[in-house]
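Trainee: Fit chain E to the known structure of chain W by using the hints.
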Amino acid sequence: MALLSPTKPAHARGGTDRPPRRVGFSQRLGRLDVKVSPYLYISPFFLLFAVVGLFPLAYTAVVSVYEWNLLGGQGEFVGMQNYIDVLGQPTFWKSVVNTFSIFLFSSVPQVIMAITIAALLDQNLRAATFWRMGVLVPFIVAPVAISMIFGRLFADQYGFINELLGIIGVDPVAWHGDRLASHFAIATMVNYRWTGYNTLIFLAAMQAVPRDLYEAAVIDGAGRVRQFFSVTVPQIRATVIFVVITSTVGGMQIFDEVRMYDAGGLGGPDRDWMTTVVYLYDVAWGNQKNFGRAAAVAWLLFLIIVAVGMVNFLMTQRIATAGPKGAKVSRRHTKRLMAEARAAAARGETPTPSATPGGAPGIQPGSPPPPPSIPPTSSTGSPDTNHGEDAR
Amino acid sequence: MLSSTSPRRNRRFVAASAGIASLALVLGACGSGDEPADEETAAEEGGSTDEEITLTVATFNNFGYTDELLAQYTEEHPNVTVEHVTAAQAEDARTNLSTKLAAGGEGLADIEAVEVDWLAEFMQYPELFAEMPAIDGRWVDWKVEQATTQDGKLIGYGTDIGPEAICYRSDLLEAAGLPSEREEVAEWIGGDGATWESYFDAGKEYVEATGNAWFDGAVATYQGMINQVEAAYEDPSTGEPKDLASNTEVQDLYNQVVTASVDDELSAGLEQWGDDWSAGFQNDAFATMLCPAWMTGPIEQNAGGVEGWDVADVFPGGGGNWGGSFLTVPASGENVEAAQELADWLTSPEIQTQAFVEAGTFPSQVDAQESEEVQSFTNDFMSGAPVGSIFSSRAQAIDGAVYKGPNYFAIHQEVQNGLNRVDLNGEDPEASWETTLSSVNELGL
Numbered sequence: 001m002a003l004l005s006p007t008k009p010a011h012a013r014g015g016t017d018r019p020p021r022r023v024g025f026s027q028r029l030g031r032l033d034v035k036v037s038p039y040l041y042i043s044p045f046f047l048l049f050a051v052v053g054l055f056p057l058a059y060t061a062v063v064s065v066y067e068w069n070l071l072g073g074q075g076e077f078v079g080m081q082n083y084i085d086v087l088g089q090p091t092f093w094k095s096v097v098n099t100f101s102i103f104l105f106s107s108v109p110q111v112i113m114a115i116t117i118a119a120l121l122d123q124n125l126r127a128a129t130f131w132r133m134g135v136l137v138p139f140i141v142a143p144v145a146i147s148m149i150f151g152r153l154f155a156d157q158y159g160f161i162n163e164l165l166g167i168i169g170v171d172p173v174a175w176h177g178d179r180l181a182s183h184f185a186i187a188t189m190v191n192y193r194w195t196g197y198n199t200l201i202f203l204a205a206m207q208a209v210p211r212d213l214y215e216a217a218v219i220d221g222a223g224r225v226r227q228f229f230s231v232t233v234p235q236i237r238a239t240v241i242f243v244v245i246t247s248t249v250g251g252m253q254i255f256d257e258v259r260m261y262d263a264g265g266l267g268g269p270d271r272d273w274m275t276t277v278v279y280l281y282d283v284a285w286g287n288q289k290n291f292g293r294a295a296a297v298a299w300l301l302f303l304i305i306v307a308v309g310m311v312n313f314l315m316t317q318r319i320a321t322a323g324p325k326g327a328k329v330s331r332r333h334t335k336r337l338m339a340e341a342r343a344a345a346a347r348g349e350t351p352t353p354s355a356t357p358g359g360a361p362g363i364q365p366g367s368p369p370p371p372p373s374i375p376p377t378s379s380t381g382s383p384d385t386n387h388g389e390d391a392r
Numbered sequence: 001m002l003s004s005t006s007p008r009r010n011r012r013f014v015a016a017s018a019g020i021a022s023l024a025l026v027l028g029a030c031g032s033g034d035e036p037a038d039e040e041t042a043a044e045e046g047g048s049t050d051e052e053i054t055l056t057v058a059t060f061n062n063f064g065y066t067d068e069l070l071a072q073y074t075e076e077h078p079n080v081t082v083e084h085v086t087a088a089q090a091e092d093a094r095t096n097l098s099t100k101l102a103a104g105g106e107g108l109a110d111i112e113a114v115e116v117d118w119l120a121e122f123m124q125y126p127e128l129f130a131e132m133p134a135i136d137g138r139w140v141d142w143k144v145e146q147a148t149t150q151d152g153k154l155i156g157y158g159t160d161i162g163p164e165a166i167c168y169r170s171d172l173l174e175a176a177g178l179p180s181e182r183e184e185v186a187e188w189i190g191g192d193g194a195t196w197e198s199y200f201d202a203g204k205e206y207v208e209a210t211g212n213a214w215f216d217g218a219v220a221t222y223q224g225m226i227n228q229v230e231a232a233y234e235d236p237s238t239g240e241p242k243d244l245a246s247n248t249e250v251q252d253l254y255n256q257v258v259t260a261s262v263d264d265e266l267s268a269g270l271e272q273w274g275d276d277w278s279a280g281f282q283n284d285a286f287a288t289m290l291c292p293a294w295m296t297g298p299i300e301q302n303a304g305g306v307e308g309w310d311v312a313d314v315f316p317g318g319g320g321n322w323g324g325s326f327l328t329v330p331a332s333g334e335n336v337e338a339a340q341e342l343a344d345w346l347t348s349p350e351i352q353t354q355a356f357v358e359a360g361t362f363p364s365q366v367d368a369q370e371s372e373e374v375q376s377f378t379n380d381f382m383s384g385a386p387v388g389s390i391f392s393s394r395a396q397a398i399d400g401a402v403y404k405g406p407n408y409f410a411i412h413q414e415v416q417n418g419l420n421r422v423d424l425n426g427e428d429p430e431a432s433w434e435t436t437l438s439s440v441n442e443l444g445l
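Chains W and E supply the protein sequences, listed in that same order.
Counted from 1, the first sequence has number 163 at position 163 by the UniProt record's numbering; the numbering is strictly sequential.
Counted from 1, the second sequence has number 300 at position 300 by the UniProt record's numbering; the numbering is strictly sequential.
Same shape as in the complex, but just chain W (with noise of 0.2 Å):
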């Protein structure tokens, strides 16, 4: 490329001196069709992005500077007071403290529990798609119904769960009255909802997972768990980026459970439970009947989902590039016998390349080119090759 690039503005030139060609209107259709169309086919999701995404975004944000009542409509500019008010308000900030909490309880196990899950049912299982239908059930039901079994079983008095501690002589919990319990409670029910969704998603990436990369690692002798660890989860990266990022999303945005889990549905009398979703709900169409401030509200969400995002975007990266450090290496011999054989079966499929940075610096001096498919497994686990990668 870098050396034809100089050739080619000349020829461009010399072509605008020449007698223009005759282009048949066909040609220039179909010149017009390779240029144009692609957009056109991929123009549905935009537009409809753009109606019903960016438009209610930006309309969020006329909203937010003004004053605006629910029913009483469009009222003065204030500029920034909405932001100021809800910023000022102890009950947004509870409610920030309480959808973090909630989104650690179920985002963490749940994302564990699924990949575990799918780890299982990517075995060769009777009845395989039994099983893995089976994992979906709880996400069919809707959450509502899911909410209000839960509120049975999570009842403070007449609850299952306090019944069976009661039996097995702890003291009743206070599903409703302690914090902490409330927030375990809702994040049982989103976890029973989601985990088998997510479940599916990383079965699907594991199942395009090379099975040569198995074969490789059994021949070296590595057990079940070290296969998972070394190949499972590296090969999968972009799946847990993908899943850790919508169930954050997700988890950001808890309602229905919320909503559901007492009579009030707005966090308890305390706002022990109350998310920030919830919060903005009470703020529009609750007693302040505030479209401003709820506004507001929508707009702040937003950036923290954007921000916490972020943040997990790099941390999944760094665990999955970080992974195999953590696995030791003894066998140095087999190492390189590892190294060329998986390089010699990745060199056919090279999925994508930019998602596994850390695959370079493994490759130690005199190697053949490093593929870049390859996971960062055992063999960049050698302290002295190690060093680009932690000085970045």
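A couple of the hints might just be wrong.
Partner residues are not named here, just some residues of chain W that face chain E (Cβ under 10 Å, in silico) [stated by the list, open to error]:
| hint | residue |
| --- | --- |
| 1 | ASP85 |
| 2 | GLN157 |
| 3 | ILE161 |
| 4 | GLU340 |
| 5 | ALA344 |
| 6 | ALA345 |
Worth flagging that the hints you see were computed from the coordinates, not collected in a lab.
Quantities reported herein were computed from a predicted structural model and do not represent experimental measurements.
Where is the CB? At the ideal position from N, CA and C, for every residue including glycine.
Mentor: Quick look at chain E alone, frame taken from chain W:
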């Protein structure tokens, strides 16, 4: 080493942040905006009286408007089909109504039921509702006053009222060796001169004898008390909220009910309409509860199979009204006049009598209250209590409507939260009151 990777990394970081932002947008968009399109409000046709029209009536809980009852109207007006939409809770109906009014009236029913507690919110915007033609002498006076704006515009026709009595478990009282017959219980609680003290004192006897709770929860009891306060949270002359911190009347009631609930252990610590509350009926959690006429319905629903519920013709502090609703006609409707006619019919004494028999919603119409059908009505579930005459007598004890302004519901909810914190979660009463004060401030009323 590897310095060349850093710009690449930066670019990827930017790309990633853009990706995350757009993902958040898309998923965020998924989360919102899926308002259920639940109401198939028809009524496209307009105008003249003979044209085929469909009128929609939106109510909540159970108004007693059965399909048969609505079919009667079609019989009398063959060109009108009536559709009935029911929300499970008054709160849902309130949200639905305010959201759709905010959206310019799109999707509203032709007749929207409004509960008295949040009626004032909507009366701030009387132009959103059609003015109802006055019908003299149909209702008790205070019912009409509640739905009339300061400049005399009537925006809703009254359906039911909620005169309060005491519902109790005769079997539990009997087992405790206390009075259990209707008249005895009324006398024991204080008879005509019953006060909240005498009600709580009777409760202490019960708690001493059994160790079980006397009433269901602090909030439910407070509800009965606040409904007797002339102007609880707001100044009737201006409509402005009173300063809650210096509102000793409210604070005294708060302290009184907290003392009874927690210190005297009269409360079962149940939040009304919650799961524990429903289960409490089956578990003999409490012996009495404040009982507006419409409450007999939910009691029967929750306590199915439990025998011994009864109604005593007594109420602490004189009479009290809890709840009751109105039928309003949104001004944006297609068939405002036809809808008003239907509302007129639905709130007529005859129909409201039928609704009372069906659902226990006590009529606000004078003629209906005096009718033989209401007076002689008994409720089998409530041990055959003559609920018709009991609630009539309770209705007569009501002096008039108390003032509930536009901010009543908002402030009231915060005080309720304060009580729940103490009653349900065992928080310190004073700390909880302080939290309530700051929450009310947060509302920015």
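Trainee: If you check each hint against the structure, which ones fail?
Mentor: 3, 4, 5 and 6
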